[in-house]
Each structure stands twice: as C-alpha cells, then as structure tokens.
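Protein chains in written order, with the working numbering: chain A, 1 to 331; chain B, 332 to 662; chain C, 663 to 993.
Everything labelled a hint here was simulated from the structure, so no lab data went into it.
Here the structure is a predicted model, which means the values were calculated and not measured.
Each residue gets a CB set at the ideal place from its N, CA and C atoms; glycine is no exception.
Treat each hint with caution, since some may be false.
[To be verified] As a list, the in silico DSSO-like pairs of lysine-lysine whose alpha-carbon atoms are at most 27 angstroms apart:
| no. | chain 1 | residue 1 | chain 2 | residue 2 |
| --- | --- | --- | --- | --- |
| 1 | A | Lys326 | C | Lys716 |
| 2 | C | Lys988 | B | Lys628 |
| 3 | B | Lys650 | A | Lys196 |
| 4 | B | Lys657 | C | Lys974 |
| 5 | A | Lys297 | B | Lys650 |
| 6 | B | Lys527 | C | Lys944 |
| 7 | C | Lys964 | A | Lys326 |
| 8 | B | Lys628 | C | Lys981 |
| 9 | A | Lys2 | C | Lys858 |
| 10 | A | Lys326 | C | Lys981 |
| 11 | B | Lys657 | A | Lys302 |
| 12 | C | Lys974 | B | Lys650 |
| 13 | C | Lys716 | B | Lys527 |
| 14 | A | Lys196 | B | Lys484 |
| 15 | B | Lys650 | A | Lys312 |
| 16 | A | Lys326 | B | Lys484 |
| 17 | B | Lys527 | C | Lys964 |
| 18 | B | Lys657 | A | Lys297 |
| 19 | A | Lys319 | C | Lys981 |
| 20 | B | Lys657 | C | Lys981 |
| 21 | C | Lys858 | A | Lys15 |
| 22 | A | Lys319 | C | Lys988 |
| 23 | A | Lys153 | C | Lys858 |
[As the list claims (entries may be wrong)] A few chain A positions that, by computed beta-carbon distances, are all more than 12 angstroms from chain B:
| no. | residue |
| --- | --- |
| 24 | Arg10 |
| 25 | Asp19 |
| 26 | Lys71 |
| 27 | Arg80 |
| 28 | His194 |
[Unchecked claim] Residues from chain A that face chain B, not an exhaustive set, calculated with beta carbons under 7 angstroms:
| no. | residue |
| --- | --- |
| 29 | Met1 |
| 30 | Ile75 |
| 31 | Val141 |
| 32 | Gly145 |
| 33 | Val177 |
| 34 | Ser180 |
| 35 | Phe183 |
| 36 | Pro198 |
| 37 | His238 |
| 38 | Gly292 |
| 39 | Ala323 |
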Amino acid sequence: MKQTVGGIARGVGGKVWGDESTEVTGLASIQSASPGDLVFVEEARHLGSALGSKAAAVIAGTFAETETTSKPLVIAAHPRLAFARAAVLLHRPSERAPEIHPSAIILPSASIAVSAVIDPWTFVGANAVIGEHTWIGAGCVIGTGVVIGQESKIYPRVTIYPGTRIGDRVVVHAGAVLGSDGFGYVRDPSSGRHEKFPQVGRLDIEDDVEIGANTTIDRGALEITRIGRGTKIDNLVHIGHNCNLGENVIVAAQAGFSGSIVIEDNVVIGGQVGIGEHAHIKQGVLLGGQAGVLPNKVLRGKGEPFWGTPAKPLRDYLKSLGALAKLGRKQ
Amino acid sequence: MKQTVGGIARGVGGKVWGDESTEVTGLASIQSASPGDLVFVEEARHLGSALGSKAAAVIAGTFAETETTSKPLVIAAHPRLAFARAAVLLHRPSERAPEIHPSAIILPSASIAVSAVIDPWTFVGANAVIGEHTWIGAGCVIGTGVVIGQESKIYPRVTIYPGTRIGDRVVVHAGAVLGSDGFGYVRDPSSGRHEKFPQVGRLDIEDDVEIGANTTIDRGALEITRIGRGTKIDNLVHIGHNCNLGENVIVAAQAGFSGSIVIEDNVVIGGQVGIGEHAHIKQGVLLGGQAGVLPNKVLRGKGEPFWGTPAKPLRDYLKSLGALAKLGRKQ
Amino acid sequence: MKQTVGGIARGVGGKVWGDESTEVTGLASIQSASPGDLVFVEEARHLGSALGSKAAAVIAGTFAETETTSKPLVIAAHPRLAFARAAVLLHRPSERAPEIHPSAIILPSASIAVSAVIDPWTFVGANAVIGEHTWIGAGCVIGTGVVIGQESKIYPRVTIYPGTRIGDRVVVHAGAVLGSDGFGYVRDPSSGRHEKFPQVGRLDIEDDVEIGANTTIDRGALEITRIGRGTKIDNLVHIGHNCNLGENVIVAAQAGFSGSIVIEDNVVIGGQVGIGEHAHIKQGVLLGGQAGVLPNKVLRGKGEPFWGTPAKPLRDYLKSLGALAKLGRKQ
Chain A
1 MKQTVGGIAR GVGGKVWGDE STEVTGLASI QSASPGDLVF VEEARHLGSA
51 LGSKAAAVIA GTFAETETTS KPLVIAAHPR LAFARAAVLL HRPSERAPEI
101 HPSAIILPSA SIAVSAVIDP WTFVGANAVI GEHTWIGAGC VIGTGVVIGQ
151 ESKIYPRVTI YPGTRIGDRV VVHAGAVLGS DGFGYVRDPS SGRHEKFPQV
201 GRLDIEDDVE IGANTTIDRG ALEITRIGRG TKIDNLVHIG HNCNLGENVI
251 VAAQAGFSGS IVIEDNVVIG GQVGIGEHAH IKQGVLLGGQ AGVLPNKVLR
301 GKGEPFWGTP AKPLRDYLKS LGALAKLGRK Q
Chain B
332 MKQTVGGIAR GVGGKVWGDE STEVTGLASI QSASPGDLVF VEEARHLGSA
382 LGSKAAAVIA GTFAETETTS KPLVIAAHPR LAFARAAVLL HRPSERAPEI
432 HPSAIILPSA SIAVSAVIDP WTFVGANAVI GEHTWIGAGC VIGTGVVIGQ
482 ESKIYPRVTI YPGTRIGDRV VVHAGAVLGS DGFGYVRDPS SGRHEKFPQV
532 GRLDIEDDVE IGANTTIDRG ALEITRIGRG TKIDNLVHIG HNCNLGENVI
582 VAAQAGFSGS IVIEDNVVIG GQVGIGEHAH IKQGVLLGGQ AGVLPNKVLR
632 GKGEPFWGTP AKPLRDYLKS LGALAKLGRK Q
Chain C
663 MKQTVGGIAR GVGGKVWGDE STEVTGLASI QSASPGDLVF VEEARHLGSA
713 LGSKAAAVIA GTFAETETTS KPLVIAAHPR LAFARAAVLL HRPSERAPEI
763 HPSAIILPSA SIAVSAVIDP WTFVGANAVI GEHTWIGAGC VIGTGVVIGQ
813 ESKIYPRVTI YPGTRIGDRV VVHAGAVLGS DGFGYVRDPS SGRHEKFPQV
863 GRLDIEDDVE IGANTTIDRG ALEITRIGRG TKIDNLVHIG HNCNLGENVI
913 VAAQAGFSGS IVIEDNVVIG GQVGIGEHAH IKQGVLLGGQ AGVLPNKVLR
963 GKGEPFWGTP AKPLRDYLKS LGALAKLGRK Q
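Work the whole structure out from these sequences, hints included.
So this is what it looks like as structure tokens:
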C-alpha cells in the first residue's frame with residue numbers, strides 16, 4: 001500500500017520536513033533500505049546514515065529539526081513508535097471477503113458473524129461464537145462454547161478447548177493450544193498412583209492480547225486462568241492453571257508459569273524464566289532471562305530488574321557473581 | 332450430571348454426616364462455590380469457611396466428625412483424593428456414539444474398533460490399530476503400524492509417527508508429537524558435515540499415561556523409548572531418544588531429557604529441569620524446578636529434593652546460596 | 663531393504679573381512695541385535711561382545727583388522743559414520759509415486775513439481791513453489807509465496823508463514839512453525855500499551871537443515887532470519903527474529919535465541935541454553951546445557967566448552983562450583 005509522507009505524518013502525529021508528496025511503499029532498516037522505503041532513526045548519531053541511505057523518507061526525533069536535507073523527514077517525539085504506526089498504514093492487509101470455506105465444519109448451534117472468515121478444515125463446536133471481522137485459519141479446532149470477539153486473528157492449526165473466552169483484536173499464532181487441562185493430580189497413598197484433580201475451570205483471554213506460536217495456556221482447575229488486556233506472550237511459553245496475568249504484561253519465549261501465579265500489570269518476564277506455584281510478581285517488576293522464582297514468593301520492585309535463581313535484584317546478583325569469580329580465582 | 336451426597340460418599344468410600352439425599356451438580360473451590368456445588372477442605376482451620384460458603388455439600392477429613400452443621404458432609408481419610416473421585420462421578424462425559432467421520436482417511440489395512448470415535452480430517456495409516464472406546468480428535472495423523480489401546484483419548488492435532496505403541500486409558504493433549512526422530516548425528520571429520528545417525532527404534536507408551544499439549548517424545552535410535560505406566564507429563568516437555576521413564580513419574584512443564592536417560596519409578600521432575608544424556612535418576616528422587624543434571628550422573632535420594640545446577644540435595648543447595656549471599660554482602 | 667556385506671562396504675568406503683555375500687536386513691545395537699542385523703563397534707574393548715552377539719555382521723575400526731572370526735566385518739576408519747551411511751543403504755524409503763491428494767487445496771498460482779507428493783488437507787498458498795521429490799505431509803499450511811526446494815520432507819502439521827524460503831534436502835518435523843511474527847513491540851509511554859513493531863522480514867532456511875518437532879523460528883522484523891546450510895535443530899527450540907545461524911550448527915532441544923543473534927559456523931548449543939539479544943557466538947564454541955549468554959555478549963573459544971549463566975569457560979565454571987561447595991560446607 002502506497003502512502004505519501006504527508007499522509008504518514010498525519011497518521012502518526014508527526015510533522016513533515018521537506019516534500020510531503022513523496023511516496024513511500026515499504027519499510028526497512030537503514031542498512032537494507034531500497035528506493036521507496038521508509039526508515040526511522042532514534043538517535044542523532046545515526047541520522048547521517050539514514051539520510052545517506054536509499055530510503056525515500058526518514059522518521060526521526062526532534063533532534064533532526066535543524067537538519068537541512070533534500071530527503072523528506074517526519075519528525076516525531078517517539079520515532080520507533082511512529083514507525084510502528086506507519087507500518088500499520090503501509091501494511092494494512094486488504095480485508096478478505098467474508099467466507100466460510102465449504103470444507104469447514106460448523107455445528108448448527110454455533111454462531112459465526114457475517115463478516116468472519118473461516119478457512120479450510122476448521123471445526124467450530126456447539127454454541128461457539130465467532131465475532132465480526134475475525135479470521136480463523138486453516139486446521140483450527142474451536143471447542144464447544146468457545147467465544148471469540150471481533151477483529152481477532154487465529155492463525156492456522158490452533159486448538160482451543162471448550163469454554164475458552166477470547167476478546168477483541170486478539171492474535172493467536174500457529175500451533176498454540178489454549179484452555180487445555182491443567183497439570184494436577186492427587187496421589188493415592190495406598191496404590192502410589194496419581195489420580196487426576198478436576199480441571200473444569202476456564203481460560204479467559206482479554207482484548208488486544210497476542211500469543212506466540214506453539215504456546216500452551218491451561219484453563220483453571222476449578223476457577224479461571226486469566227490473561228489481561230494488552231498482554232503479549234511469545235512462542236513456546238507455558239502458562240499453568242489458575243494463573244492470573246494482569247494488563248500489558250510482556251512474556252518472552254519459553255518462559256514457564258506453574259499454577260496459581262499472580263502477575264500484576266506491566267511486568268516484564270524474560271525468556272526461559274520459571275515461576276513456582278502461588279508466586280506473586282508485583283506491578284512493574286522485570287525478570288531477566290532464565291531467572292527462577294520459588295513457589296509462594298512475593299517479588300516487589302521499582303523497575304529494578306531481577307536476575308538468577310532464586311531471583312534477586314540485579315545489584316545483589318552482580319555482587320554474588322563477582323564474589324564467586326574472585327573466590328574461584330583464589331582456589 | 333447430578334449426584335446425591337449419599338451417592339458420592341459411596342463412590343469415594345466416605346461417610347455421610349447429615350442429609351444424604353442432598354443433590355450436588357458441580358465442583359468448586361470454597362471461594363467460588365455456588366448453590367449446588369461440592370467443595371472440599373483438607374485442614375480443620377478451613378472448615379468454617381467451607382460451611383459458611385454457598386456450597387451444597389463439603390468433603391472433609393476426619394477432623395470434621397465432631398462438627399454440628401446443617402450442611403451435609405462427606406467424611407473421607409483423604410479429602411482431596413475423595414474430591415478428585417467425586418469429580419469423576421459428576422463430570423463423566425456422556426460417551427459419544429461410535430463414529431468414523433466421513434472426512435477421515437483410514438487406510439484399508441488399519442483396524443478401528445467398533446466403539447471408537449474418529450473425528451474429521453484424521454489420517455490413520457496402514458496396519459494401525461485403534462482400540463475400543465478410544466477417541467481420536469480432529470486433524471490427527473496416526474502413522475503406519477501405530478497401535479493405540481482402549482479408552483484412550485487423543486486430542487486434536489496430535490501427530491504419532493509410525494510404529495509407536497500406546498496403551499489403554501492414555502490421554503494425549505493437543506499438538507503433541509510422539510515418536511519423532513531422535514536428535515543424533517555423526518560428524519564427518521573430513522567435510523565437517525553432520526550425517527544422520529539412524530533413528531529407527533520405537534516409542535512405547537504404557538497404560539494410564541497422560542501427555543501434555545505440544546510435548547514431544549522421540550522414538551529410540553536403535554532401541555525403544557519407554558514411558559512407564561501411570562506416568563504424567565505436562566506441556567512442552569521434551570523427551571529424547573532411548574529414554575526409559577518408569578511408572579508413576581511426574582514431569583512438570585518444559586522439562587527436557589536428552590538421550591538414553593533412565594528415570595526410575597515415582598520420580599518427580601520439576602518444571603524446566605534439564606537432564607543430560609545417560610543420567611540415571613533413582614527411585615523417589617524429587618528434582619526442583621530448573622534443576623540441571625549432568626550427563627552420566629547417577630542421582631540417589633530418599634524423598635529428599637534436589638535443586639540447582641548441577642543438582643544437589645536441598646540442604647547443600649541452601650548452604651551454598653547462603654554462603655554466596657553473605658560473600659556478596661562483604662564485597 | 664536387503665544388502666550384502668560387500669555392498670555395504672562399497673557404499674561406506676570400508677573393507678570386508680570375511681564373507682562378503684552375507685546379507686544384512688536391519689540395524690541394531692549390540693544388546694538388541696537379532697540375526698540379520700548389522701551392528702557397529704567403536705572401541706576394541708567392545709569388539710568381543712559384538713562378535714558374540716546375534717548380529718549378522720559388524721562394522722568396526724581398524725583395531726579389528728587382526729581379529730580372526732567367522733562373523734563378517736566391515737573395517738572403516740570411522741565406524742559410527744560408516745554405520746550411519748549403511749543405515750541410508752538399508753533404510754532408503756521406497757519413493758512414493760507423485761501425488762496431490764484430492765483433499766489438498768493448491769491455489770492456481772502455486773507451482774508444484776511433477777514428482778512432489780502433497781498429502782491430505784494441506785494448503786498451498788498463492789505463488790508458492792514446491793520442488794521435485796519434495797514431500798508435504800498431511801495438514802500442513804504453506805503460506806503465500808513460500809519456496810521449498812527439492813527432496814525436502816515436511817512432516818505433518820507444519821505451518822510455514824508467507825514468504826519463507828526453504829532449500830533442498832531440508833527436513834522439518836511435525837508441528838514446527840516457521841516464519842512466524844517476531845516478538846517486537848514499542849511501548850506507548852502515554853498509554854502504557856505495547857504496539858506491534860513491524861514484523862515484515864523473511865525466514866531463509868538453507869540446504870540440508872533439519873528442524874525438530876514443534877520448534878518455532880520467527881521471520882525477521884525488517885530483515886532476514888537465516889538458518890545456514892547443514893545446521894541441525896532439535897525439538898521445541900525457539901529462534902527469534904533476525905537471528906543469523908551459520909553452517910553446520912547443532913542446537914539441542916529447548917534452546918532459545920532472542921532476537922538478532924549471530925551464531926557462527928560449527929557452534930554447538932546444548933539443551934535449554936538461552937541466548938540474549940545481539941549476542942555473537944564465534945566459530946566452534948560449545949555451550950553446555952542450560953548455559954545462559956547475556957545480551958550483546960561476544961563469546962570466543964577454541965573448542966573449549968562454556969557452562970553456566972553467565973556462560974564461562976568450563977575450567978572457570980568448575981573452579982567457582984568447587985569454591986562455592988567448600989564455602990557451603992564451612993557455614
């Protein structure tokens with residue numbers, strides 16, 4: 001999709017420096033830019049290479065206002081954010097015409113909005129509800145009573161267990177499994193065998209959540225597993241039963257949450273972090289990659305990152321590392 | 332499904348205190364109980380809130396025998412276990428009528444029991460055998476020569492590689508991959524290229540095993556990968572070729588086993604644990620979350636938990652942590 | 663498939679000791695060998711048990727040249743490598759006749775080579791290209807513009823996002839997701855919400871790569887994620903956007919790479935290793951299981967293994983462990 005520099009500036013709330021009728025047709029990094037591309041620069045020291053690149057136009061911070069250049073600029077307070085929004089203008093997918101592919105199986109009691117798209121070999125169970133402009137990719141299984149809101153995108157081969165509720169503008173990548181049985185057993189002391197604890201709760205995913213490829217989220221045992229509004233979850237993450245994730249949480253790839261964990265709003269969880277059951281991560285905490293949190297632990301912080309297992313504030317972690325290295329050298 | 336308190340007591344081997352004709356229709360935690368729900372309480376100090384809840388009836392331990400209350404009680408030696416068994420009585424799924432969906436492809440030499448259910452877009456390969464009352468969900472691929480026993484449940488989108496054998500009452504959650512090629516190569520020293528070591532063994536999964544969503548288990552290279560009877564495996568677990576897991580083992584989410592590992596009966600493996608090739612974990616060992624076991628290591632214990640990498644007994648682990656923290660403070 | 667000992671010796675570049683007309687029909691370990699099987703032995707001390715086994719023939723190193731035995735031997739410089747190559751001779755799958763299953767959906771602008779096999783319920787998008795002798799298993803989704811070379815094997819239920827390029831002789835195991843959106847967001851400081859950074863780059867997978875079950879590899883944000891020639895990746899691995907993996911790299915199960923990482927040729931990555939963004943792992947480095955590499959770190963080594971988090975040379979790691987254990991005992 002083609003846009004003028006002026007159109008982009010209006011769309012992202014920026015100001016134009018130079019010719020606002022210049023057209024841009026794609027996005028690129030400074031290194032890979034071709035004619036027609038839009039690039040962005042966040043620091044004054046990279047402005048020169050952006051202007052010297054083949055890009056048609058540059059989004060830059062206020063530091064570029066004094067620049068004299070023939071390449072059109074869009075000046076924005078947050079160039080990276082403006083670039084992300086310009087991408088939406090340039091890459092808006094042409095909306096597909098509503099369709100239920102003839103190979104899809106929709107049980108009669110399911111309700112599919114007229115503008116929805118259901119791709120081949122997808123099953124939609126009894127009483128399920130699919131909202132307006134929502135896309136369900138090929139080979140998905142949408143269980144009994146699942147509710148999916150509007151403008152959501154479910155990529156191919158996603159399995160959604162019965163009863164799961166999914167909000168508006170949610171994106172679920174290929175291979176994810178949502179609402180599966182939690183991992184709960186009771187050991188019979190006489191036989192030594194594990195009998196299944198009931199896993200009859202539900203999974204609620206709120207608006208604007210994105211879920212990565214092959215991620216698994218279990219439904220509650222007796223209650224609800226919740227993924228709060230605007231939370232973003234990467235690939236191959238595991239979230240156990242009864243977890244309660246707040247809003248705008250970031251969870252990087254391969255992190256794992258055992259059961260009944262509370263993650264408050266705006267927490268950032270690094271890759272491969274592991275959190276024990278009933279732990280409580282307070283608002284704004286940042287957990288570095290591979291950190292481990294013990295069961296029942298309450299973690300508080302003021303934007304300070306935590307590292308290691310058991311996770312401690314970065315400063316303490318670095319002190320221990322330093323002491324250990326010194327000790328090792330003495331041996 | 333409705334049950335009377337008397338029926339539940341008989342089903343779980345408990346005694347009724349109060350009106351045994353009271354009906355229960357669901358399961359809940361004490362906090363979320365609605366009228367009609369059954370709840371359970373394991374400790375005397377929580378009995379009051381259970382009795383004060385909206386629940387129709389309470390399963391409690393022998394500590395409740397002296398209680399006077401108008402709410403019916405089921406007294407059981409192990410309330411959580413009794414609750415799990417009551418759940419089976421209340422949530423017994425109504426059995427589906429036998430069916431092979433017309434869109435499924437069953438090769439002529441495959442054998443499907445008359446009471447089995449095969450859902451849409453499932454492929455069953457040559458000489459495969461599916462047992463009585465077994466359910467194969469939508470979009471599964473069952474390879475050549477796979478044998479699945481009775482009353483097993485294979486959730487949607489599971490792939491089972493050729494030759495895999497699966498017992499009775501096995502549950503496999505969505506997206507799991509069973510019997511895939513192990514990860515074994517031989518480096519050609521002259522070219523530096525890796526050539527594939529043959530991965531032509533088999534995977535055997537015994538009765539009463541449960542396998543989580545998107546978990547992967549490789550078949551043996553030349554021999555057999557075995558998952559013993561009653562073992563329960565969580566989501567996103569990886570089990571490499573030639574591993575031999577005993578009976579009633581518990582494996583939490585995202586744990587990983589490289590090749591040729593022996594896990595004896597009743598071992599408990601925490602989330603994100605990693606175990607190196609040829610390690611041997613003796614009966615009854617408990618490995619805490621994120622623990623690591625080096626290749627060839629033999630781990631023995633008497634119910635004592637092991638933590639850390641390399642895994643050591645909890646007491647030693649805590650001593651090291653304490654010493655390290657003290658050292659860090661001194662710097 | 664049957665082979666004579668002489669045929670195998672010629673195929674693997676070895677010499678026959680004994681009767682070269684002896685036939686072998688299968689592969690086994692020494693412990694599990696049945697009549698007709700071929701086994702191999704790498705060390706002189708195991709030669710006796712190989713010769714005493716039920717195997718029909720033995721591949722052995724030059725140490726066996728002085729042996730007198732009635733069992734035919736194939737003498738090879740690298741017995742394990744010779745055995746791997748013998749396996750190819752014995753297990754060469756009979757090639758399937760070209761077929762596009764009638765239930766598959768191939769968009770008209772896609773190009774499928776005449777010798778390719780497309781299994782049931784597979785979707786091939788617009789302008790996609792599938793090469794000669796390539797097999798696409800059941801239930802795969804091949805996105806718009808995907809290019810797959812010759813003699814590649816895509817196991818069932820693989821999802822390949824639009825634009826991904828895959829070379830010749832590539833093997834992708836079941837459930838893998840290739841070319842999915844990277845995990846990149848920009849936080850709007852005024853609302854606290856995360857907006858998606860454009861993920862419009864590509865994923866290139868070169869010749870002779872093997873990718874494990876349920877592994878996920880994201881495409882580049884603006885540029886390219888690359889998996890170099892001959893690289894082998896195990897199950898449940900995550901590779902983030904813009905990563906550049908060289909040739910003949912080995913990546914064990916559940917390892918995770920965040921974004922923009924460079925891995926040079928011949929690196930070996932152990933299971934559950936985690937690598938932070940923009941890290942650079944130099945040629946020939948070996949990272950032990952569960953090791954962690956911090957963002958932006960450059961790791962150099964001469965075949966020396968690195969362990970722990972943050973990863974350090976094995977010798978330093980062991981010193982620290984030893985010092986820590988001693989300290990713990992003193993407390």
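A quick look at each hint next to the structure:
At most 27 angstroms may separate the alpha-carbon atoms for a hinted pair to count; lysine 326/A and lysine 716/C exceed this at roughly 57 angstroms. In summary, the hint linking lysine 988/C to lysine 628/B is supported, as the alpha carbons are separated by about 21 angstroms, within the 27 angstroms threshold. The hinted pair formed by lysine 650/B and lysine 196/A fails the criterion: a straight-line CA distance of about 36 angstroms is larger than 27 angstroms. Taking the CA atoms of lysine 657/B and lysine 974/C, the gap is near 23 angstroms; set against the 27 angstroms cutoff, the hint holds.
About 19 angstroms separates the Cα atoms of lysine 297/A and lysine 650/B, which keeps this hinted pair within 27 angstroms; it holds. The hinted pair formed by lysine 527/B and lysine 944/C meets the criterion: a straight-line CA distance of about 25 angstroms does not exceed 27 angstroms. Of the supplied pair hints, the one linking lysine 964/C and lysine 326/A holds, its CA atoms being roughly 24 angstroms apart against a limit of 27 angstroms. For the hint linking lysine 628/B to lysine 981/C, the alpha-carbon distance of about 19 angstroms falls within 27 angstroms, and the restraint holds.
Straight-line distance between C-alpha atoms of lysine 2/A and lysine 858/C comes to about 20 angstroms, which keeps the hinted pair within the 27 angstroms bound. Distance hint between lysine 326/A and lysine 981/C is fulfilled; the C-alpha atoms sit about 10 angstroms from each other, no more than 27 angstroms. Between lysine 657/B and lysine 302/A, the direct Cα distance comes to roughly 24 angstroms. Compliance with the 27 angstroms bound is thereby established for this hinted pair. For the hint linking lysine 974/C to lysine 650/B, the alpha-carbon distance of about 23 angstroms falls within 27 angstroms, and the restraint holds.
Between lysine 716/C and lysine 527/B the alpha-carbon distance is near 25 angstroms, which keeps this suggested pair within the 27 angstroms criterion. For the hint linking lysine 196/A to lysine 484/B, the alpha-carbon distance of about 14 angstroms falls within 27 angstroms, and the restraint holds. The suggested pairing of lysine 650/B with lysine 312/A holds, with an alpha-carbon distance near 17 angstroms, which does not exceed 27 angstroms. The suggested pairing of lysine 326/A with lysine 484/B is violated, with an alpha-carbon distance near 55 angstroms, which exceeds 27 angstroms.
A distance of roughly 25 angstroms separates the Cα atoms of lysine 527/B and lysine 964/C; the hinted pair therefore holds under the 27 angstroms criterion. With a C-alpha separation of about 21 angstroms, the suggested pairing of lysine 657/B with lysine 297/A holds against the 27 angstroms cut-off. Proximity of lysine 319/A to lysine 981/C is assessed by CA-CA distance (about 18 angstroms); at most 27 angstroms being required, the pair is judged to hold. The straight-line distance between the Cα atoms of lysine 657/B and lysine 981/C is roughly 19 angstroms, inside the 27 angstroms bound, and the hint therefore holds.
Of the pairs offered as hints, the one joining lysine 858/C and lysine 15/A holds, with about 22 angstroms between alpha carbons and a cut-off of 27 angstroms not exceeded. A distance of roughly 19 angstroms separates the Cα atoms of lysine 319/A and lysine 988/C; the hinted pair therefore holds under the 27 angstroms criterion. The hinted pair formed by lysine 153/A and lysine 858/C meets the criterion: a straight-line CA distance of about 14 angstroms does not exceed 27 angstroms. Every Cβ of chain B is farther than 12 angstroms from the Cβ of arginine 10/A; the closest lies at roughly 44 angstroms, confirming the non-interface assignment.
No Cβ of chain B comes within 12 angstroms of the Cβ of aspartate 19/A; the nearest lies about 51 angstroms off, and the non-interface call holds. For lysine 71/A, the requirement that its beta carbon stay farther than 12 angstroms from each beta carbon of chain B is met, with the minimum near 46 angstroms. Non-interface status of arginine 80/A relative to chain B is upheld: no Cβ of that chain comes within 12 angstroms, the nearest being about 32 angstroms off. Some Cβ of chain B comes within 12 angstroms of the Cβ of histidine 194/A; the nearest lies about 5 angstroms off, and the non-interface call is violated.
Of the supplied interface hints, the one on methionine 1/A is violated, with its beta-carbon coming no nearer than about 34 angstroms to a beta-carbon of chain B, more than 7 angstroms. For isoleucine 75/A, the shortest C-beta to C-beta distance to chain B is roughly 45 angstroms, which exceeds 7 angstroms, and the interface hint is violated. Nearest Cβ of chain B to the Cβ of valine 141/A: about 4 angstroms, under the 7 angstroms cut. The hint holds. Given the 7 angstroms rule on beta carbons, the hint for glycine 145/A is violated: about 14 angstroms separates it from the nearest Cβ of chain B.
Checking valine 177/A against chain B by beta carbon gives a least distance of about 4 angstroms; that is within 7 angstroms, so the hint holds. Hint status for serine 180/A relative to chain B: holds, with the closest Cβ pair at about 4 angstroms, below 7 angstroms. Given hint, phenylalanine 183/A at the interface with chain B, holds; its Cβ is 4 angstroms from that chain's nearest Cβ, closer than 7 angstroms. Below 7 angstroms, beta-carbon pairs count as interface contacts, and proline 198/A has one with chain B at about 4 angstroms; its hint therefore holds.
Restraint check, histidine 238/A versus chain B: the minimum CB separation of about 4 angstroms is within 7 angstroms; hint holds. Taking 7 angstroms as the C-beta contact cut-off toward chain B, the hint placing glycine 292/A at the interface holds, the least distance being around 5 angstroms. About 4 angstroms separates the beta-carbon of alanine 323/A from the nearest beta-carbon of chain B, less than 7 angstroms, and the hint is met.
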